[in-house]
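Chains A and B supply the protein sequences, listed in that same order. All residue numbers for the first sequence refer to the numbering used here, where the first residue is 1 and numbers rise by one. All residue numbers for the second sequence refer to the numbering used here, where the first residue is 308 and numbers rise by one.
Calculated from the structure, these hints are not laboratory results. No experiment lies behind these values; they were computed from the predicted model shown. Keep in mind that the hints are not guaranteed to be accurate.
Stated by the list, open to error - Calculated pairs, DSS-like style, for lysine-lysine (alpha carbon to alpha carbon, straight line, at most 25 angstroms):
1. A/LYS101 / A/LYS66
2. A/LYS26 / B/LYS435
3. B/LYS435 / A/LYS128
Read off the chains here:
There are 2 protein chains.
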Amino acid sequence: MDYQSFGKKFEDISGITITPFKEGSKEIDWNGVKENVKFLINRGVNVLVPCGNTSEFYALTLEEVKEEIRYVVECANKRATVLAGVGYSVATAIELGNYAKDVGADCIMIHMPVHPFMTDDGVVDYFKSIIENVDLPAVIYFKNPAISDRVLEELSSLERLVAVKYAINDLPRFARTVHSIPAHHNITWVCGIAEKWAPFFFHAGARGFTSGLVNLYPEKSLELLAALKKNDETKVWSVWNEVLPFENLREKYNSGVNVAIVKEGMRQIGLNPGVTREPVSPLSAEDKAAVRTLIHQWNLDIPKQPQ
Amino acid sequence: MDYQSFGKKFEDISGITITPFKEGSKEIDWNGVKENVKFLINRGVNVLVPCGNTSEFYALTLEEVKEEIRYVVECANKRATVLAGVGYSVATAIELGNYAKDVGADCIMIHMPVHPFMTDDGVVDYFKSIIENVDLPAVIYFKNPAISDRVLEELSSLERLVAVKYAINDLPRFARTVHSIPAHHNITWVCGIAEKWAPFFFHAGARGFTSGLVNLYPEKSLELLAALKKNDETKVWSVWNEVLPFENLREKYNSGVNVAIVKEGMRQIGLNPGVTREPVSPLSAEDKAAVRTLIHQWNLDIPKQPQ
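For reference, chain A alone in the conformation it holds in the complex:
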C-alpha cells in the first residue's frame, strides 16, 4: 500500500452518502442505496463515504453499518474510493474496520468517540489503537473542540493516517495545526464542514471538503471544488452564494434537520431518499417550502408533465 500518495484521493469532494429509510417500517431501502451510489458516481463524485453523519450513522445498528459498507463497495464496483465510517468503542471500531477491509472498502474514517469523558491522551490512544489494528489507510474525523489538536500532531507520524477531516469551525486553530505538522507526514487536510466553510478552510490549507449537498446537486459542489483548485475567487464566491442558503437551512434547529433537508431536496428533484430515522423528525411544511424555493432557484425542479 502506498500510503504516501493515498491521501491525495481526498484532494477532492468526500461525498457522504445518505441512508434511505422506507416510509413506515424505517428499514433501509437497499435499492435506494444503489440508486444513490449510481447517481453520485455518474455525476462525477470520486470519493464515497458510507456511514458518515449525513448517512445517519448513529441511527444504524452495527449489522446495518456493516451491510451499508459492504453494499456501497459492491455498488461502487471500484469506480470510486470508498471511505467507510467506523466508530463507537475501540473494539467495535476495529471490528467494523476489519469488516470494511474484508469487503473491499479502500479506507476507514474514524468518527470522534462519543464517550462523555475523554482526555487528549485518551483520544490519542483511542485513534491509535484503531489505526494500528485495521490494515487500511485511515482518516480521522476530528470534531470535538474540547479536545486539543495536539492529538493530531501526535498521530500525524502514523503511516496509515493519510487525512484528517477537520470539522471545527475555528480557522486560526485549523491553520496553526496545518502549519505545525511536518509536510513529510503527508496528511491531507479536508474541510469537514462542507461547502459553507470550504473556501475558508482551503485558504488555510485544506485540499478537499466533505459534502452532503452532492446527494442532490453534485454539479454545484464540483464547480466549487474546481474554482477552489484554480483559485478562481470570482467563481468561488458566486457558487458559495448559491449554496449558502441551503447549507444554512440545514443548520436550523441546532442542525437537527441537517439530513432531513438533504433528503427533502432529493425527493423534490425526483430521487428516492426515503425518510429519516429517530432522533430526527419529519420536516415542517414551512421547511419543505424553503427547500422548494431553493430547488426552484437552482432550476432543479422536475419538468411538469403535460396534463
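Based on these hints, arrange chain B on the given structure of chain A.
What follows is chain B alone, placed relative to chain A:
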C-alpha cells in the same frame, strides 16, 4: 407490574457501577464487577446502574454491555434494584432492553441519543419507540440542553416512564419542568449530576440522585440522602462541603478524568477498580496526589501494616 409505585425506588441513590478493566489487556475483570456489586450492596446502596456513564458505557462493545447487565443482575441476586443502561440506535436500544428484561433486570435507563442531529419531536419518537418496545419500567437520562424539556412533558403520560434522571444543571429550567408535569403521571425526578448538585435539585423537586462516589464512599452519599430527606440543612451542607472537592476533581479537564478519579480513589482504599479504557487516559501523578489528599481527609486511608 405496578408502574405507579415503581418510580418510588428512585427516591434513593442510583449507584452507577464502575466497569473494572484489567491493566494491559483492558478486558473486563468480571471478578472485579462482582466485588464492586458486593461492596455497594453491603454498604447499603439499593439501586445499581450498570452501563451508565461512570460504567464507561461508550467504551464497551454491545456484547460487553449485555454481559455486564446480566452479570450485575446475577451478582445483585435481587438484593438491589438493577437499572440497566441502554442506548445507541432505536433498534439497538430495544435489543439491549429486551435482553435486560430476559436476564432479569428490573428496569432500563435510556441514554440520550448520541446522534449529532436531533430534533425535539425526533427525540420524543426516539424514547417513545424504545419505551413502547421494552416491557420494563423506563428511566430517561436527559442531558442534552439543546433539546427542549417539552420532550419530557410529551413522554410523561407513558405508563412505563417512571423516572427521569435530569442531568442539565439549569435549576430554573428543571423546576419549571417538574412543576409543569401533572403529579398523577408519577414521574420520580432524579438529580442526574450527583452529590454536588443534589441539594439544589432536591429543593426544586428531585427525590433521588445518581452517584459515582458510592463506589468508594457510599456512607457519605447515604448521609447526604438522609439529610436531604429529613431537610436537615446543617447536615446537608456539611456533607456537601466534604464531598465537593472530590466532585470538582472529577470535573477537571472538561470532566475527562471523571471516572479515572473514581477508580483512583477506589484503588487507594484497597478496592480493585482496574484501569479506564480509551478515550480516557491514566491520571497524572499530580491528580493522583490530589485524590490521596482527599482520601486522607476522609480518613479512608488503608491502615499501614507494621513493617
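(Q) Under the constraints set out in the numbered hints, which ones does this structure not fulfil? (A) 3
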